[in-house]
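*Asks:* For reference, the chains in residue letters:
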Amino acid sequence: MSQRHGPVTAAVITGSMPEMDNDHGPLQHHFDDMAQQNESAALGMWLFLLTEVMFFGGVLTAYAVCRYLFHDAFAEGASHLDVQMGTINTIILIFSSLTMALAVRAAQMSKTKLLVGLLIATMVFGGAFLVIKGIEYEHKWVEHHVPGKYFQYDGPMANQVHLFFSFYFTMTGIHALHMILGIGWMIWLTIRSWRGDFSAAYFSPIEMTGLYWHFVDIVWIFLFPLLYLFGAGAGAGH
Amino acid sequence: MSHDAHAHDEPHIVPLSIYLAIFGALMIGTALTVWVAVFDLGEYSWLHTPLALLIASAKATLVVVWFMHVKYGSRLVWIFIFAGIAWFLVLIGITVGDYVGRNWEPAPNAWQAAVEAPRSSELG
Chain A
0 MSQRHGPVTA
10 AVITGSMPEM
20 DNDHGPLQHH
30 FDDMAQQNES
40 AALGMWLFLL
50 TEVMFFGGVL
60 TAYAVCRYLF
70 HDAFAEGASH
80 LDVQMGTINT
90 IILIFSSLTM
100 ALAVRAAQMS
110 KTKLLVGLLI
120 ATMVFGGAFL
130 VIKGIEYEHK
140 WVEHHVPGKY
150 FQYDGPMANQ
160 VHLFFSFYFT
170 MTGIHALHMI
180 LGIGWMIWLT
190 IRSWRGDFSA
200 AYFSPIEMTG
210 LYWHFVDIVW
220 IFLFPLLYLF
230 GAGAGAGH
Chain B
0 MSHDAHAHDE
10 PHIVPLSIYL
20 AIFGALMIGT
30 ALTVWVAVFD
40 LGEYSWLHTP
50 LALLIASAKA
60 TLVVVWFMHV
70 KYGSRLVWIF
80 IFAGIAWFLV
90 LIGITVGDYV
100 GRNWEPAPNA
110 WQAAVEAPRS
120 SELG
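As given, the protein sequences belong to chains A and B, one line each in that order.
If you read the first sequence in numbering that gives the first Met the number 0, its first letter stands for residue 0, the second for the next number, and so on.
If you read the second sequence in numbering that gives the first Met the number 0, its first letter stands for residue 0, the second for the next number, and so on.
Treat the hints as calculated values from the structure; they're not laboratory data.
Nothing here was measured: the structure is a model prediction, and the numbers come from that model.
One or more hints might be untrue.
What the hints assert, rightly or not - A partial selection of chain B residues facing chain A, derived with a Cβ cut-off under 10 Å:
id, residue
1, ILE12
2, GLY28
3, THR29
4, ILE54
5, VAL62
6, PHE79
7, ASN102
Positions of the beta carbon are idealized from the N, C-alpha and C atoms, including for glycine.
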C-alpha cells in the first residue's frame, strides 16, 4: 500500500529519508492520526450504506404499494413460501452477524488466529444461508413459481401472485447478491488476516466489512417478516 | 461525549457479554416475530404488519447500535444514520400515504365539495 504515496516515491528517488517507506505504518499521510482516519473510514462506509438504504428502499416502497393494492393475492403468494426455511435462514444470519462482530473484536485485541477462525465461521454461515436460499429457489423452479414465461398458478389472482413472486425473487435475489459480495470480501480479508495485516493498531477493513455484513443482516431482518410471514398471518383470516 | 482522549489511543473493545446479550435478544426477537405472525389476532389481524415492522425495527436498532458500534461512533455518524432513516420514511410514508388515501370513500365533506363545486357550475 505504501508504494502509492507521493512523498515516499520522492524519497526513494532522492534517496533521502528511506525510513519513510514503511515507518508510517497503517496511517495514511493525509490524516493527522489514527482516530481521524478511522472516523473518516466509518463515515465513508456509512455514506455507502445510505446509498444501499436508497437502493433497497425503492424496492421496499414498490413492494409496500403493491402489497397494499393486491393484499389478498400477495398473502396467497406469501403462503407458498417456506416459513421454516426462512426462519432457519434468519437464525443463521444472526449467528453470522455475531461471528462478524466477534471477528472485529478479535482484530481489536490482535488475536489473529481467532480473527481468521471467526471470519471463516462468518463465511460458513453466509454460505449455509445461500445454500438454503438455493434449495428454496429450486423448489420454486419446480413448482413453476419463478416469474416469466413458465410461471404457472391456478387461481383467480394468478397475475397478482405472479407479481408477488417477482418481488420475492428481486428482493431476495439482490439480498443474496450482497451476501455473495460480502463473502468475496471476507475471502480477501481472511488471506490478509492470515498474513498478519491486522491488529489493534489497524483493523479498518475488518470493521468496514463488518458494517456491510451487519447491514445485509438488517435487510434480511425486514425481508423475512415482510415476505415469508405475511402469508402465515393472513392464513388465519382467509 | 465521544471526544474523550481515551478514544484516540485505543479502539473501544465491547465486552463479550454484551455481544452475546445482543445475540440473545435478536434470537428472542426472531422467535417473537414468528410467534406474532401465526398468532390469531382476530379482528385486530391488521396489526400483524405493524407488529412485524416494530419487532424488525427493534432488532435492526440493536444491530446498528451495538454490532455496528454506532454507540461509540461520532455524532456525525449518528446524523448520517438519522438522515438515512428520515429519507426512507419520507419515501415510503408519502408514497404509501398517497395510495392509502386514494381509497378513502367517501372523501371528507370539505374535499368532496372542493372537487364538485367547479364541476357542477360548469354543468349548470
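*Asks:* Compare the structure with each hint and give your call.
*Replies:* For each hint, the structure was consulted:
1. This hint holds: ILE12/B has a C-beta 5 Å from the nearest C-beta of chain A, less than the 10 Å allowed.
2. Below 10 Å, beta-carbon pairs count as interface contacts, and GLY28/B has one with chain A at about 8 Å; its hint therefore holds.
3. Restraint check, THR29/B versus chain A: the minimum CB separation of about 5 Å is within 10 Å; hint holds.
4. For ILE54/B, the shortest C-beta to C-beta distance to chain A is roughly 7 Å, which falls under 10 Å, so the interface hint holds.
5. Because the smallest distance between the Cβ of VAL62/B and any Cβ of chain A comes to about 5 Å, under 10 Å, the interface hint for this residue holds.
6. For PHE79/B, the interface hint holds, since its Cβ comes within 10 Å of a Cβ in chain A; the closest pair sits about 5 Å apart.
7. The interface hint given for ASN102/B is met, as the beta carbon of that residue sits about 9 Å from the closest beta carbon of chain A, less than 10 Å.
Taken one by one, the earlier hints all hold for this structure without exception.
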